[in-house]
Amino acid sequence: MSAVRKLTLAGAAALVAAPLLLHVLEQDFYVGLASRIMIYAIAATSLNLILGYGGMVSFGHAAFLGAGAYTVGILMAEGVTSAWIAWPAAVGIAALFALVIGAISLRTRGVYFIMITLAFAQMMYYIFVSLKAYGGEDGLNLATRSGVGFGLDLKDDLTFYYLVLAALLATLYGMHRLVHARFGRVIEAIRENETRMEAVGFPTYRYKLVCFVIAGAVCGLAGALLANQANFVSPRLLDWIQSGSLMIMVILGGIGYLYGGVIGAFALLALEEALSAYTIYWQLPVGIVLLAAVLLAPRGLAGIFGRSVPAREAANG
Amino acid sequence: MRKKVIALVVLALVAGGASAADRIKVGFVSTLSGPQGAPGIDARDGFLLAVKLAGGKLGDLPAEVLVTDDQFNPEAGKQAVDRYVKRDRVDFVTGIIYSNVLLAAAPSAFEAKVPYVSSNAGPSQIAGSGCNAYFVSAAWQNDGYHEASGQYATSKGFKSVYLLAPNYPAGKDALAGFKRFYTGKVADEVYPRLGQLDFAAELAQVRAAKPEAVYAFMPGGMGINFVKQYVAAGLSKDVQLILPGFSADEDTIKAVGEPMLGLFNPAHWAPDFDNAESKRFVAAFEKEYGRIPSIYAAQGYDAALMIDGAIRAVKGRVEDRDAAMRALKGGKPRSVRGDYKINNNGFPIQSYYLRVIGKDGQGRLINKTIGTVFANHADAYAKECKLK
Amino acid sequence: MSGILILEQTLNGLQFGLMLFLLAAGLTLVFGIMDMINLAHGSLYMVGAYLMATFVQATGSFVLALALAVAGTAVIGMLLEVSLFRRLYQRDHLTQVLATFAVILIANELVRLVFGSQPVLLNTPAALSGPVDLLPGLAYSSYRLLIIAVGLAVALLLYLLVAKTRTGMLVRAGASNREMATAMGVNIRTLFTFVFGVGAGLCAIAGAMLGPILAVQVGMGESILILAFVVIVIGGIGSIRGALVGALLVGIVDTIGRAFLPALFREFLPPAYASNLGPAVASILIYVLMAAVLFWKPQGLFPARG
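Protein chains in written order, with our numbering: chain A, 1 to 317; chain B, 318 to 705; chain C, 706 to 1011.
Derived from the structure by calculation, the hints contain no laboratory data. Warning: the hint list may mix true and false statements.
To be verified - Computed list of lysine-lysine pairs in BS3-like fashion (alpha-carbon distance at most 25 Å, straight line):
1. A:Lys155 - B:Lys496
2. B:Lys496 - B:Lys473
3. B:Lys496 - A:Lys132
4. B:Lys430 - A:Lys155
5. B:Lys430 - B:Lys676
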C-alpha cells in the first residue's frame, strides 16, 4: 500500500476514534469543535477544486457557504426542519447562485475575475443583511438541528460528528474520482493553458462553469452543516474576510493536493483555537505563519510532506 | 499509617465530589474592544470591583470570573457562551451589553439551564412572550429609559420630535418606548446602521425636517460621534437634543466634553445618589480606576451583588439551577439604585429619574439627579410573559 | 425635497468621494505599475490615522501632526516595500492576495499591541468644530469643508506631479508599459519604492482627515479598502484620473443612495424596512455599477494601458 493510502487510512481511523476518546475524557466541547473543523474542511476542499485544480481565484466563495447556511436557517424559521428537504435545498440554492455568479464572472480573467467574484459575494452579504425578518445583520438563531429520522438525533454532538465525518469522506472520495476522471484532467489542462485547450476544441468556458457550480454546491452542503453546528447563521458568513479565510486554508494545506483543504482547515482552525487560549493577539502569529507559508512554502503543508498531484505552477491569477 | 492516609485521600476525593460547590465560576462576556467597547469595559470593571470588595468572593465562596470579548459580534458572543457552559461549566453567565449579541448568545445559556444575569441588554423579545425562566436582569428592560424620555418630552411640550436609533433590537425598542409616552408629533423615524459612525447624511435630513427636538439613542461610540457631529453641523443651536442616559453618560461625556453641559437625560441611577451602597460604590470605583463610574459600571456592580445575594440565599448550592433562579428573582437585591424588585419576566420594577449634565466640585462633568420621571415602573411586556 | 438638502448631501458625497480618491490613487498606481494587488493598503490608512492621533496628542498642532503622520506613514510604506512587497511583484495574484492579507492581520495586531483595543481619541481642531454658514439655512460643518479643500488640493497636486514633472512622466510610462520603460533605462526599483511611498502618504492624509469623523480603531481600513478596489476597477487600473472619477461616482452614489432611497422606499414600506432596504440597495448599487462598467468597458473607464 502506498504511503498516501496508509496515511489516509490512519487519518480516517483517527477521526473515527477521536470523539469517543474525547467523550471518555469528558471534553465533549471539543467534539463540537472537531465537527466545525471538518465542516470547514469540506468548504475548503470545494474551494480547492476551483482554485487549486482549476486555477480560478474566486474571492467570493463564502457566498455559497452563506447561501447553504441561510437556506437551512430560513426554512427552519418557517417551520421546515427535515434535513431531507433543507439540505438538498441548500445544495441546490448554492449551486444556483454558483451558476449565476459563475456565468457572469467566468467571462472575465485575471484580477477582474477576482474582483467580480468579490463583488458578488459582497452583494449577497448586503442582501442577507437587509433580510430583517431573518435576523439581518444580527443573525438568526436556529431553534434546533435538522431532523434526519432513523432515530438519530443530531442534537447529540457525537451523532452529528459522525454525520459530518461521513459527509467529509464522501466529499473527498467524490473529489478524488472527479479529479482523476477526464473532467479533472481537462480542468487542470485549462488551468495550465486555456488558449491551447480552446484551440484544440474544448469548450473551456463550459467546463469551468460546471466546475464552479460543483464547487459551489459542495460548499452549500458545508453551509447547511455549519448552520446546524452553530445553531446560528449570520451575514458574516459571507463577508470577504470569510472568503479570505477559506483561501488561507487552501494555501496552507496545499493548493491542488487532494487533502489540501482538509489539512489547511485543521491547521488554521486548530491554530486559532490553541492560540486564542494563550493570547488575545492570536491573529499575529496566524498572520506570520500565513506569510511564511505563502513566501516559503507555496505548495503548503501537503507539498512539504507528500505528493498527490504535480504541484501547480504560478498561473496568471 | 498508610491506611489512614489512603482513607483520608479517598474521603477527600469523595467529599470533593459530593459537597456543594466550593467555588463559583462566572462567565463574563462583553464588548471590550472597538468603538462600542467602552460600556463593556465599564461593566467588567464594575463587576470585578464588587468581587474584589467582597474579598474575591461571591456569596462567601471564592469566585473565578472568566472574561471574554465578544468584539461586538453576535456570533462570537454565542461561541463565547457556548464555551462557558460546555467547556468551562460556569454557574452564571453575565456581561453582554448589546441586545443583538444577547439574543444570539443567551439561548445557549438557557438551553444549558445556566442562569443568565443581564448587566445591560434587555430586549423586548425576552420580556414578553419570549421570556425565559433562566433570565434575570440587574439593569432594566430596554424601553425604560426611552419611555422616561418620551414622558419628559411630553412634559416639556415639544410639538415635533425627530427620532433616531440604530437598526437593531434595542434601537427598535428605544423608539417604541419613546412613542409610548410621547404624545406630540413624530417628525420622522430613522434607523441608521448599527455601528455607523458618520452621520452627515442623517443630519442633513434632520436639518431639512426642521423639528423642535431630536431624540437620539446612540449607544457607545456611535453616541460620541453623533453628538460631536450634531454640534459641528450647527444643529445644537436651533434644535433641542434629547438623549437617554445611555448616550449621555461618562463614556460619551469624556469624549465629547463641554458641548454636553446642560443636556437633560433620564436614567435609573446617577453618581450623586444618596444611599450608602451607591456612595460606597462611587468612592471605591474612583479610587480603583481613577474615573467616575457610568451606569454601565453601576450595572456590572449590581449584577455581581445580585449573584452574591442569590448564592447566599441558596447557601452555596448553586448546582440546583432552579433554586438559584428563584433566589435571583426573589427577594430584594442590594443595589446602588436603592430598593427594587424583579417582575415575573425577570426584569426590574424600579424608578427612573431625570438627570442633567453639570459640573462637580472638582470641575469635572457629571450627571446630577434633578427629579423623578417614573416611580416603581414596570415594563410594558411583562403581562405577555407566561412565567409567574 | 429642498434644494438645501440636495446641496448638503452632494457636499457629503463629495467629501466622502475625495477621501476615497486618496486611497484609490495610491492603490491604482501600485496595481497599475507594479501589477500588485495590495490588500494591506487599508492598513496604511489605519497607521496614518493612529500616527495622526499620536502626534496631535504630542504636539498639540493639527497641521504639524498631519505632516508628521504623512511622512511617518510614507516611510513605513517604503520600508514595507523594500523588505516584503518587492518579492511579490513577480508572483501571481493569488500569492499577492494572501501575502497582503497576512500583512493586514499582522498590522492589526501590532497596532492593537501598541495602542490597545480602544479607539484612540482624535478630535477635530477646536477652530473647526463648529459650522460655517454657507447659505441662509445651510450651516455646514467647517471641518468637512476642510476635508473637501484638502482633497481637491491633493488631487490638483497629484495631477501636476503626474502630468507636469519628469517623475510623473516616468510613472506614467511605467503604468502604460513596464517592460518598455525598463528597457528605456528607467530605474524601476527606485521608481517603485517612490510610488509606494506616495501611495502610503495619500492613505495617511485620508486616515488623518477622516479620523475625527469616524473612529481611529483597529480594523478601520478593511471596510474602506473594498470600496477603494471597486473605485479603481471602475476607474481603470493605473489611471489616476480614473480613480478620481470613480471615487466621486462611488462617493456620490453611496451618499445619495443612503440619503434618498430610504425616503423613497418609505412611500411604500414601514420605517424599519425602508431604513434597511435603503442602505442595502445603496451598497449593492456600487457593486452593480462596477459589474456594469466591467461588462461594457472591461478595462474600466480610463484604462492606463493601451
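Each hint tested on the structure:
no., hint, in the structure
1, A:Lys155 - B:Lys496, "violated, 42 Å"
2, B:Lys496 - B:Lys473, "holds, 15 Å"
3, B:Lys496 - A:Lys132, "holds, 22 Å"
4, B:Lys430 - A:Lys155, "holds, 16 Å"
5, B:Lys430 - B:Lys676, "violated, 46 Å"
Violated hints for the displayed structure, listed by number in ascending order: 1 and 5.
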